[in-house]
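Colleague: Using the hints, position chain B against chain A.
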Amino acid sequence: MQDCVHLEYRVDGQNFVSAGSATESVKTFLKGMGVNPQDVRRVAIAMYEGEINMVIHANGGYAYADIYVDKCIITLVDTGKGIKDIDLALQPGYSTASDEVRALGFGAGMGLPNMKKYADECIIESEVGKGTKVTLVTRFD
Amino acid sequence: MSELKRLNTVTLDPDKCKGCVTCMKRCPTEAIRVRDGKASVMYDKCIGCGECVRLCPHHAKITSYDKFEVTQNPKYKYKIVLPAPSFYGQFNNLNDVNYVLAGLKRLGFDDVFEVGRGAELNTLATQILLNKGNIPKPVISTACPAILELITARFSNLKQHLLNVLPPVDISAKLAREKAMKKGYRDEEIGVFFISPCPAKVYALKSGMGVIKPYVDGVLSSGEMYMKLLPVMKLIKNPENLSKMGVMGLQWASSGGEAAAAMRGKYLAADGIENCMRILESVENGTLNEIEFIELNACTGGCVGGVLNVENPFVAKARIRNLRARFPQIANSLADTGKPADYYMTEKLTEDTVVATDRASAFSKLLAVQEMYGKLPQIDCGLCGAPSCRAFCEDVVSGNLPPDAVCPQLQHKKN
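As you go down the protein sequences, you meet chains A and B in turn. Going by our numbering, the first sequence opens with residue 1, and the numbers climb by one from there. Going by our numbering, the second sequence opens with residue 1001, and the numbers climb by one from there.
Pulled out of the complex, with its shape left as it was, chain B reads as follows:
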């Protein structure tokens, strides 16, 4: 699993990495260490949030995604592209999203299926589910895969609060693929490609999070597709009407959009990974029981803040707001697709990333950590290559560092 994560989240350019501690200190799950003067990611702890990509002053973090060339594979006889709502916010002076959609067709895609459509269907399915009331309140959204990973890894006692509706991209991919199969294409001839705002979605879709078999064949980057589209879009005059989504789907691009669409009752939306962690702590402490629905987005501003985007999240958000007038309120309905409710439900639970260890041995390890921690300066300077004194102790006790590793601060004092 770690290997899959290494290939589909973020890797390091060792030539650019200066071995500074910026990413290590700010990684929300303490998944980065600096060893031999270079940062390295512990993929079993990484949730793919992209924070290190955003923060690196030397641009040494390489995000993983599929290059446009993967769509050119001759095995694909019918190619479908799925643009995220946040993608529309990348374009300056865009007054009609059909330019983007027509541009994508010109790039060789046979069909465009907006993720905003899946978002509307997700919202409608969520409303039904919330009315049934089977999930304990507050219900927590699972659309942001970095948040889902965070909850699985660090807040596993909140798992029963998770919304079990498929994320918009999976719903869109599932419907688009079936549509192509009805046209007579075989499953393996169809290529479904998502234009992603973030590495977390790359990993989620490649690993098939929540689904039995991935519906998406490739995950493209918002930034690369933006560059590909710009020259093509200039050539388009009077594009045909390809957009089939409403404001309800569009507003999923920024934080609060999902919750506002789904909820009439009390809801909360938080964005930015550290804010989200604080909210999850509060849910654990039982202080948010009066809230019905919680939307959490790892990126500041929501999906517009994803690190694969080109535009500043606040600019993108403003553009999306300006586009609203062009859209109907809602353009999809559960009746139109004619699918039963289970069609939109998560197909399988996310596996526990936490390895079950016996408590006695975990306890004795923690005792050792605690004892060692007491002897350290507790200033979290990062000199040793671990983000905090506690993380240093954990590394020694778990064998990630040799047992004779010494704190550089103490070493310095001795000399």
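In isolation and in its complexed conformation, chain A is listed as follows:
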């Protein structure tokens, strides 16, 4: 028997209206399978930050969710400008978002720190000029 549900979403760049819809779909799925509410929320917060990052910085990308009975693996892949210094980007409050984006209430520099905080594992792979891949693993209680 198949033991994993694979969901795929295209995330549009600079589109702040549809931003978050992939997260909402994954959230609905996890709720439907009866995952502990606190775990659903951890997945939602981490994934939403990742989704928004692709919208703001990478002109969009793809979000994949691999859902198992006891865990979920979110993978966010883009071909954007990449992260120059991952350690610096992980500092709370550090942001390279434009003033326009900040005016919308985004770009507070909490994206990567929140992903690290809420996911059980957060793997960031990035190459300047090529893109970024973030893998978020959340295990369910």
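No wet-lab data here; the hints were simulated from the structure. Just to be clear, a hint being listed does not mean it is correct.
[Claimed, not checked] 25 Å max Cα-Cα, derived PhoX-like pairs, lysine-lysine:
{"hint": "1", "chain 1": "A", "residue 1": "Lys31", "chain 2": "B", "residue 2": "Lys1137"}
{"hint": "2", "chain 1": "A", "residue 1": "Lys31", "chain 2": "B", "residue 2": "Lys1375"}
{"hint": "3", "chain 1": "A", "residue 1": "Lys31", "chain 2": "B", "residue 2": "Lys1159"}
{"hint": "4", "chain 1": "B", "residue 1": "Lys1266", "chain 2": "B", "residue 2": "Lys1132"}
{"hint": "5", "chain 1": "A", "residue 1": "Lys71", "chain 2": "B", "residue 2": "Lys1159"}
{"hint": "6", "chain 1": "B", "residue 1": "Lys1137", "chain 2": "A", "residue 2": "Lys116"}
{"hint": "7", "chain 1": "B", "residue 1": "Lys1025", "chain 2": "A", "residue 2": "Lys31"}
{"hint": "8", "chain 1": "A", "residue 1": "Lys31", "chain 2": "A", "residue 2": "Lys81"}
{"hint": "9", "chain 1": "B", "residue 1": "Lys1179", "chain 2": "B", "residue 2": "Lys1244"}
{"hint": "10", "chain 1": "B", "residue 1": "Lys1234", "chain 2": "B", "residue 2": "Lys1266"}
{"hint": "11", "chain 1": "A", "residue 1": "Lys31", "chain 2": "B", "residue 2": "Lys1045"}
{"hint": "12", "chain 1": "A", "residue 1": "Lys31", "chain 2": "B", "residue 2": "Lys1228"}
{"hint": "13", "chain 1": "A", "residue 1": "Lys71", "chain 2": "B", "residue 2": "Lys1179"}
{"hint": "14", "chain 1": "B", "residue 1": "Lys1228", "chain 2": "B", "residue 2": "Lys1213"}
[Unchecked claim] Quick partial rundown of chain B residues pointing at chain A, CB under 7 Å, derived from the structure:
{"hint": "15", "residue": "Ser1156"}
{"hint": "16", "residue": "Glu1281"}
{"hint": "17", "residue": "Ala1362"}
{"hint": "18", "residue": "Leu1366"}
{"hint": "19", "residue": "Gly1382"}
{"hint": "20", "residue": "Asn1400"}
Backbone N, C-alpha and C define an ideal beta-carbon position, used for all residues, glycine too.
Modeller: Same frame as chain A, now just chain B:
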């Protein structure tokens, strides 16, 4: 529980229902199916919001409430009526709410106790609670029962954000009942009746949501009571002053009123069930953490938008605004009632409507749904009688539809 909900929310008039998909497509919790050419409600999913009543082009939805006749039961020796603030917005050219209150007394009620009074007390108790800061921010209002049901059913991870102060109607009913008991009436001789703007309140009060035992005996409809009052009010000259509420309570009638009354800090008020769902999604995503208080009303415009009302919500709202000048800013205080803080608190938590299933079996069901969904056209046409292709799959997997049910679109292509 589903049975209680069927009796106290909305039912269908099969003669009027044409089996169109309007209500099914727009139900916010996907609780409606069209089977054998007629709409039917899955009450375990229904939150009583009244959206289907509002939308039905054939007026085939029957809202449940108590007819005025229930107040005539001889067992009630002392009858109290509780008009909601939104009720005042139903009347044209009303310059003094005492006409309404005096009219209610003429209809046979011994006492009138405005729900706006309970609203003011709720606001004062909420302010104390927010200052203590025990509830994680944003604190979410629980005055709208459809929203409370929605959170319990779909956003259960936000339960710790819920405000645990009793809704205004329960506070008013509790105080009014005690007042009557002090006059020497026994509990069972007292009849407390709420004039409700919506079916969600009918269900909430009948099922005793948040309280150990319901304080209200009957829930009347705003529309029916309006019709009963009109001829009586014409006969009244110089009504006595029965109103004991202020602008603070009055403004609860429309969206934003509750939050504006309670909050000095950052707050947000949303109305309309779909808007409210979007706000709850945002709270879950952690993007509204800087907001202290969230007021949500399932109906557009707030309680003035309830489907048991007669007047357009925007007209009612404008009338309520015009009435403001007639009211003091606030007319109730916690000191006057002399009750301790717990008196205003929710007495019991709402039960989980979500049945706990083991995750492995839920997961395998979802896998089956996902697999079936992949083979469907995914156009959510509604022909099969389910609101979306996904809902169709869920119905088959959960046994609400036979396992050999076929998508009409695919069937059509085959032929």
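Colleague: Indicate, hint by hint, whether the structure satisfies it.
Modeller: Hints, verified against the model:
1. A/Lys31 to B/Lys1137: Satisfied, since the Cα-Cα distance of roughly 22 Å is no more than 25 Å.
2. A/Lys31 to B/Lys1375: 23 Å, holds
3. A/Lys31 to B/Lys1159: Between A/Lys31 and B/Lys1159 the Cα gap is close to 14 Å, so the pair holds against 25 Å.
4. B/Lys1266 to B/Lys1132: Roughly 16 Å between the alpha carbons, so the hint for B/Lys1266 and B/Lys1132 holds.
5. A/Lys71 to B/Lys1159: 23 Å, holds
6. B/Lys1137 to A/Lys116: Given pair B/Lys1137, A/Lys116 holds - Cα atoms ~22 Å apart, limit 25 Å.
7. B/Lys1025 to A/Lys31: 22 Å, holds
8. A/Lys31 to A/Lys81: 34 Å, violated
9. B/Lys1179 to B/Lys1244: 15 Å, holds
10. B/Lys1234 to B/Lys1266: 44 Å, violated
11. A/Lys31 to B/Lys1045: Holds, because 15 Å separates the two Cα atoms, which is no more than 25 Å.
12. A/Lys31 to B/Lys1228: Measuring from Cα to Cα gives roughly 46 Å; hence the hint is violated.
13. A/Lys71 to B/Lys1179: At roughly 56 Å apart (the allowed maximum being 25 Å), B/Lys1179 and A/Lys71 break the hint.
14. B/Lys1228 to B/Lys1213: 29 Å, violated
15. Ser1156: 5 Å, holds
16. Glu1281: It holds, given that the least Cβ distance between B/Glu1281 and chain A is near 6 Å, below 7 Å.
17. Ala1362: Where the cut-off is 7 Å and the nearest Cβ of chain A is about 4 Å from B/Ala1362, the hint holds.
18. Leu1366: B/Leu1366 check passes; min Cβ-Cβ to chain A is 5 Å, inside 7 Å.
19. Gly1382: 20 Å, violated
20. Asn1400: Violated. Min distance 15 Å.
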